[in-house]
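Now for the letters of each chain:
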Amino acid sequence: MADKYTDFTLQELMAVAAAREIQDGEKVIIGTGLPLIGAFLAQKTHAPNIVAIYESGAIDCKPIFTPFSVADPVLVPGAAMQGGLVEGLGVVHAGDLDVGFLGGAQIDKYGNLNAHVIGDYRNPKVRFAGSGGSNDIGAGCKRTIVMMLHQKQRFSEKVDFITTPGYLGGGKEREKMGFPGGGPSVVVSTMAILRFHPETKEMYLASYHPGLTVEDVKANTGWDLKVAPDVKETERPAPELIRILREELDPTGIFLKKK
Amino acid sequence: MADKYTDFTLQELMAVAAAREIQDGEKVIIGTGLPLIGAFLAQKTHAPNIVAIYESGAIDCKPIFTPFSVADPVLVPGAAMQGGLVEGLGVVHAGDLDVGFLGGAQIDKYGNLNAHVIGDYRNPKVRFAGSGGSNDIGAGCKRTIVMMLHQKQRFSEKVDFITTPGYLGGGKEREKMGFPGGGPSVVVSTMAILRFHPETKEMYLASYHPGLTVEDVKANTGWDLKVAPDVKETERPAPELIRILREELDPTGIFLKKK
Amino acid sequence: MKVSKVMTAKEAVAKFIGDGMTVLVGGFFHAIAYDITHEIMRQKKKHLTICTPSFNEHADQMIGSGCVDRIVSSYVWMEVFGPLYSFRRAMEKGIPHKIEMEDYTNFSMMARLVAGALGIPYVPVHSLKGSDMMKYSAWMGDNKVKLMKDPFGSGVEHAVVPALNPDIGYIHAQRSDEEGNFQLWGITGDAPWSMRACKQVIVSVEEIVSREVIGRDPNRTVLPGYKVVAVVEAPYGSHPKNSQGYYNVDRDFIFKYIQESRTEEGWKKFMDEWVYGVADRTEYLKKYIDTFGMKKFMSLKAKDMSSGSVNYGF
Amino acid sequence: MKVSKVMTAKEAVAKFIGDGMTVLVGGFFHAIAYDITHEIMRQKKKHLTICTPSFNEHADQMIGSGCVDRIVSSYVWMEVFGPLYSFRRAMEKGIPHKIEMEDYTNFSMMARLVAGALGIPYVPVHSLKGSDMMKYSAWMGDNKVKLMKDPFGSGVEHAVVPALNPDIGYIHAQRSDEEGNFQLWGITGDAPWSMRACKQVIVSVEEIVSREVIGRDPNRTVLPGYKVVAVVEAPYGSHPKNSQGYYNVDRDFIFKYIQESRTEEGWKKFMDEWVYGVADRTEYLKKYIDTFGMKKFMSLKAKDMSSGSVNYGF
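Protein chains in written order, with my numbering: chain P, 1 to 259; chain B, 1 to 259; chain E, 1 to 314; chain F, 1 to 314.
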């Protein structure tokens, strides 16, 4: 039995890493895709008492299958409360929530995120979705978990547009802004787990994913990435977690399909 | 039959006068007591399409008997919409409503109302309820109808406290404040109907109630009350209106009991 | 999985309401948690600041009992039923002690609570301006309200009021689960914003129901349970006010209170009988039935006017 | 007594949506009035400013059709389904013509709409600050957002956004009466605030019901009818989005649109088939059943998950 789940995909590794960042009893606002799978995994394992909130206003949901969108109708029946955006994001803006998930097209070394454009804002080479609730979650949640595709042009010395401030220029710059929320605590990328220095707020490499090296990660990062003295391989997912992911959370392989 | 309803009480006269001030199709926020009876009478006669709104958030109600309070549970079943204070007063504040009813302990010649104190605010001789929604209704409704007990100390040169601004010092003073609403259009008192001069905004006597004279009204007003050149007796209620009041709106005589 | 927050009113008040707190008393002419209010009086809480958009005779009882030092509200009265005499005695004569009231309007109170609920620091309103409420402040001073020019160039000055975030709030609703996910229907009054603005909430309900009942109609939920610290089951907990779908207003009883409270002695006698002389809500109801008869009690019970059901399926 | 506002989508759009208007397109990943959206496209409305907190593929269709000059929103995308190609073509290459987007966040858009609904002129928020959305404005310039010091002395500067009051709004809800008192349940998304903020509203619904049905459960009403100018009955009017209690999301159809709209030609072909090639919603549904079969159509139908009833009696 156990053998069956000793392999894992990159997506599965990331979902498990995201789940580890959530503590029991926390109030978490979750988006679709990997963050959602990660939060559900946490709820099914070490954090049964988290309160899952969606920006669509669904609070403390018990969906009978994994939702496809933050407004999936499966979220509604069985929710403790169903409102709208004002209910879903009002609690974020009020500073009530512990954890939020973020993503984007680019991130810089201070965790500032770009979800707007590549190139010039007025004449973009590529235009993306925009903030949605991302900027609100970044401003309001006590801490945020960022999930990113790790490529050199995405981990960039400078982002083309700040959609969601991380630590801005680092140091005390964010603190001075007086946001209710504290900023990003971790980046779970496709190559590594990265955290932020408590004083300088600069991102550093905490662990590289199995099969990769520190050099691989550095080579795919657009600045001279600092490395933790105790850098190590990212913890491999326990077979039981893989089993839950495959059999309970994503039986049709929609969210975790990629190797 | 008709003979039965040729007499009328002062309360009935006032309710009919209030009803006349409401036009068909208007959106009206109504309080309890006489204003409510007046609005209901208008709805049952010349203004069947008014939208009746209560600050408790009950909108377009069809109560099966006359409610005792703005939050009477009889308002709820059959209402087109039921919310709370934000729904009931939000539409007032947004400037959506045509007419609101006001009252108070004192009124001055520019229609400023006092519902707070007689005497010093900090050491009041008499303390009243306070604004409730009165100030909001005064600021937001296109026009207001004031209903008052007509006594010299209540119709005062200067009110002890401005709860709800009328025309402030008169002339363009209110206009300069930029309220969404236009101010009081009429005062229906226990002695008379009074209106406001279009330029000076000073209150004047438009009609005195049956059995009274211009001098009676002036003697009970705390300033030198101006009188309309065409001043006349207040129009007597048609018997059919009295019948509706007594048989349909207040069969137990709770609201209209006083002679 | 979640821990049950169910307890008695006595426990909830003892555990969560402290002297000197700012307490949001929920309910607008209805949905008033009299069980909690009377327990606050029995436990002789002191120096409370009570707030809500509009107060009725429940506030009058709290003021008479000496629990209250300060009121933040727009209204303390009982409409056509008349004035509240303990409130007037306190404001006019300092009986049982002088109290202060910070006067707002109904809408500006709600604006403060909406802001508090949403983490919006302050809100500009059309209300208040030009009134003497702008001039006088009881204790908030300059922080009660500011006059500020519209930064978007309309040329208009607005009264700007600060967000309100009370230490704790309480309200009476129709039903809740054990985690505090509670539902209120009919007139919502100050809710849901007043409750969302509070740091903690005690909810008193007609019935405790399963989480499944709540989840079947989640649009009716006022507040997610995580802010609720106590759930108190109190049938007829709002009496003499009403609870839509459960019982009507007891107008006779409210009128009786207002009549008897005209004098300090009358007020004390009424309180000794209906608050201090009963241990809890169960004794109160028993006394009500003993005094006014089962027929009167049953006459308050709501008739059936069903909402009908809607489908939440997908 | 009240006049019926019931009409077809064709009539409602012809009568109430004018070129150059600012239009609030209601619905958040659901409750989207596709019947109205497609009619706007068929009637070739021009120079619209469309706004809502978050847009999906319905906005992409409007943009591709050339109806839209400006967008006020925080998001134009379809989550895990992927990017919207007409939006990208317009923003990146000016196809069919250049459009402008005024970028906000989801919460700050809602703050603008709550303010608009309540007559509050502007609102300070924690969002936006420190982001480049503060720096760049498409056409609102200085009136997009201001940075303002808290007048209550916290020392914090907040981004302050102006109220939003669109000329007209439209949304798809479950039911309405003929006067436009409409009810929405499940996810409310941008509603009720977005609709309340509009000067006029067109509502498209699954079913027109009697005023009595509305009055039986008035807490579900989103907006009193007086702001509603047209009521359009459109079963499956939200397809391929969902309507809670009526039908589920048609993920295959949304995915098909996104796939086919990768090229301008593919987009045109899809539109000719599903928008320009059908006269109205009835023909659209007929075509859907002809193309994908009755079995697929029926598979979207919602299962029964009843809310249960509550008592509104007194």
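In short, the hints are calculated from the structure, not lab data. All values derive from a computational prediction rather than experimental measurement. Check the hints yourself; a few may be wrong.
Lysine to aspartate or glutamate pairs mimicking DMTMM-like chemistry, simulated, CA-CA at most 20 Å apart [to be verified]: (1) 93(F) with 160(P); (2) 93(E) with 69(E); (3) 125(P) with 102(F).
We went through each hint and held it up to the structure:
no. : hint               : in the structure
1   : 93(F) with 160(P)  : holds (19 Å)
2   : 93(E) with 69(E)   : holds (14 Å)
3   : 125(P) with 102(F) : holds (18 Å)
Of the hints listed earlier, there is not a single one the structure fails to meet.
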